[in-house]
Structures are given as structure tokens and as C-alpha cells.
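Chain by chain, the residues run as shown.
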Amino acid sequence: MIDFPSVLDLGMDMDELLGSFLRGDEIRESRWSVPMDIIEEEDRYLIAAELPGIRKEDLKISVHDGHVTINAERKGAEIPENAAWLRNEISFGQFNRTVPVPGEVKPDEITAELANGILHVILPKSEKARVREIRVK
Amino acid sequence: MTNKNDVTVVRSTAELPVRQAGREAEFVRPSTDVYETSEAYVITIDMPGVPKDAVHVTMDQNSLVVKGTVGERYGEKSTILFAELQKNGYYRVFNLGDGIDRNSIDARYEEGVLTVRLLKKEETKPRQIAIQ
Numbered sequence: 003m004i005d006f007p008s009v010l011d012l013g014m015d016m017d018e019l020l021g022s023f024l025r026g027d028e029i030r031e032s033r034w035s036v037p038m039d040i041i042e043e044e045d046r047y048l049i050a051a052e053l054p055g056i057r058k059e060d061l062k063i064s065v066h067d068g069h070v071t072i073n074a075e076r077k078g079a080e081i082p083e084n085a086a087w088l089r090n091e092i093s094f095g096q097f098n099r100t101v102p103v104p105g106e107v108k109p110d111e112i113t114a115e116l117a118n119g120i121l122h123v124i125l126p127k128s129e130k131a132r133v134r135e136i137r138v139k
Numbered sequence: 000m001t002n003k004n005d006v007t008v009v010r011s012t013a014e015l016p017v018r019q020a021g022r023e024a025e026f027v028r029p030s031t032d033v034y035e036t037s038e039a040y041v042i043t044i045d046m047p048g049v050p051k052d053a054v055h056v057t058m059d060q061n062s063l064v065v066k067g068t069v070g071e072r073y074g075e076k077s078t079i080l081f082a083e084l085q086k087n088g089y090y091r092v093f094n095l096g097d098g099i100d101r102n103s104i105d106a107r108y109e110e111g112v113l114t115v116r117l118l119k120k121e122e123t124k125p126r127q128i129a130i131q
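Residue numbers (the numbering used here), protein chains in the order written: chain H, 3 to 139; chain X, 0 to 131.
Excised from the complex, chain H in its bound form (with noise of 0.2 Å):
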């Protein structure tokens, strides 16, 4: 089956398209790029990266040589034999990408969490990294 969208869409997306081109946005939507936040704490660091409709198996976090590399896979949406595609934007694939950490942590307290499309790499400051403060004689 196959589902022509409309002269009117399809003029739609044209102006969708060069509105997103004139505010710089095109690369959320054309392929899939993970946004990813570092973070400095008092104690540690935080690496946050947009993972929406990842699980915990489909996950893979490596910690190397003062860098952490994310591997995801996104499984595409499987439909139903009789359905048609209105609508595809949502991109799915491998993805991979390595941030450098940016001081020093302790390798073997490296946590990390999934929540609401959101990981969070948890790495606590060695004592060498941690910002003391000096009293004043």
C-alpha cells in the first residue's frame, strides 16, 4: 500500500523544512544525533545524553583512557503488516560517541542510570580533582 501524501503536505514540509534550515535545527531531525550535557559538581562529574526509547539492554557504556563511549542501538518501530506511514521522523540505527572526562575520577565508581530518555553517566572526582577550600590563618 502506498500512501501519497497530499499536494497541501507535502508544501507543508517543504516550509517545515526551510524553517527549520533558517533556525539552524535541521540536524534534530534528519538523522539521529544524541545531545549529550557534561556536567561539574562539587564531587563529580555528569554526563547526561538524550537516549529516548533506549533500554538498559540495548545499551553499552565503556570507560577508557580518560574517555567514556556511549553505544546505543535504536531498534526501528515495527508496524503492523496492514499499516502506513504518515508520518517518519524519528531516526533509529547504531549510535556511537566517546566524550573525554573532563578530570580525574575513580574508574571503579562510575555509575549509571536511565530515566525518561535521559542516561546519566555518574563519575566521582579522585581526591586529586575534588576543590578544597583553605582556611585562612
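No lab work stands behind these hints: they were computed from the structure.
Wrong hints could be hidden among the right ones.
[As the list claims (entries may be wrong)] Keeping only pairs whose Cα atoms sit at most 25 Å apart, straight-line, the calculated PhoX-like set for lysine-lysine is:
1. K76/X <-> K108/H
2. K86/X <-> K51/X
3. K51/X <-> K66/X
4. K130/H <-> K76/X
5. K77/H <-> K58/H
6. K86/X <-> K76/X
7. K76/X <-> K127/H
8. K108/H <-> K58/H
9. K58/H <-> K86/X
10. K77/H <-> K108/H
11. K51/X <-> K58/H
12. K130/H <-> K108/H
13. K62/H <-> K127/H
14. K62/H <-> K108/H
15. K51/X <-> K77/H
Fit chain X to the supplied structure of chain H, relying on the hints for placement.
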């Protein structure tokens, strides 16, 4: 299959509550899949970072509005070294045609993905006609 215009993704720029021109929009348009079966339309929307209780799905006679807000992610003492994640929230509007049963909507939110199922009215479903 008919009634493919029963769920139309609205061009959301006009609907977006944007701040002043040139400034970052408060909400982004989330990536969306829509498919149609003989019984229903199924809409899938990526909203990573939105807690379940901050996902709002509202329906009136003509449209379905999906909104999700991202709360404060990090504590006050945090320093952001690198920032790419969506900071505000997501907003998207769908036009609904007459063929959709307004009384049977089902929404589910899992792993940052919202799935909304809209059932077709009995009379708009394809029927098998028995040959006499």
C-alpha cells in the same frame, strides 16, 4: 484505506509559544512518527527528559495538543561544561478529522517516548462486504 487526512501534523511554527524574534524558542518540535491501521492512528513522539507527570496530552474537537516540559536538570552549584540537551520542552499540534472517535484515546509514556493511539469511528473503518 481512506481518511488519511484524519491526522494531520500541523505546521507548528505558528502554534509555538516563541519568545521574541531571534531568541531561542521555548519549546522545540519533537520528532514524530504517525502510522495508520484499519482501526487506529498511532502517534509516537520523542520527548526525552520530560518526567511522566510533565507530559500533557489534550484533545478538543479539532486538535490534539502534546506538550512536555523539562524541569531543572542540575543543582544550583553545578557548572555546565558542555550543553546540548533540550532545556525547555516539547510542543506539537495535530489536526483531527471527523473519522476519529473522540472518546477513545490511549496514551502511554515510556523511556522518554509518548505513544498516543486514536481509534477510528466504527463507520470509518474498512468493512468487508459479503458477496451474495
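Now the hints, each set against the structure:
no.: 1; hint: K76/X <-> K108/H; verdict: 21 Å, holds
no.: 2; hint: K86/X <-> K51/X; verdict: 16 Å, holds
no.: 3; hint: K51/X <-> K66/X; verdict: 11 Å, holds
no.: 4; hint: K130/H <-> K76/X; verdict: 19 Å, holds
no.: 5; hint: K77/H <-> K58/H; verdict: 13 Å, holds
no.: 6; hint: K86/X <-> K76/X; verdict: 17 Å, holds
no.: 7; hint: K76/X <-> K127/H; verdict: 15 Å, holds
no.: 8; hint: K108/H <-> K58/H; verdict: 23 Å, holds
no.: 9; hint: K58/H <-> K86/X; verdict: 24 Å, holds
no.: 10; hint: K77/H <-> K108/H; verdict: 33 Å, violated
no.: 11; hint: K51/X <-> K58/H; verdict: 19 Å, holds
no.: 12; hint: K130/H <-> K108/H; verdict: 10 Å, holds
no.: 13; hint: K62/H <-> K127/H; verdict: 22 Å, holds
no.: 14; hint: K62/H <-> K108/H; verdict: 19 Å, holds
no.: 15; hint: K51/X <-> K77/H; verdict: 22 Å, holds
Going down the numbered hints, you'll see the structure goes against just number 10.
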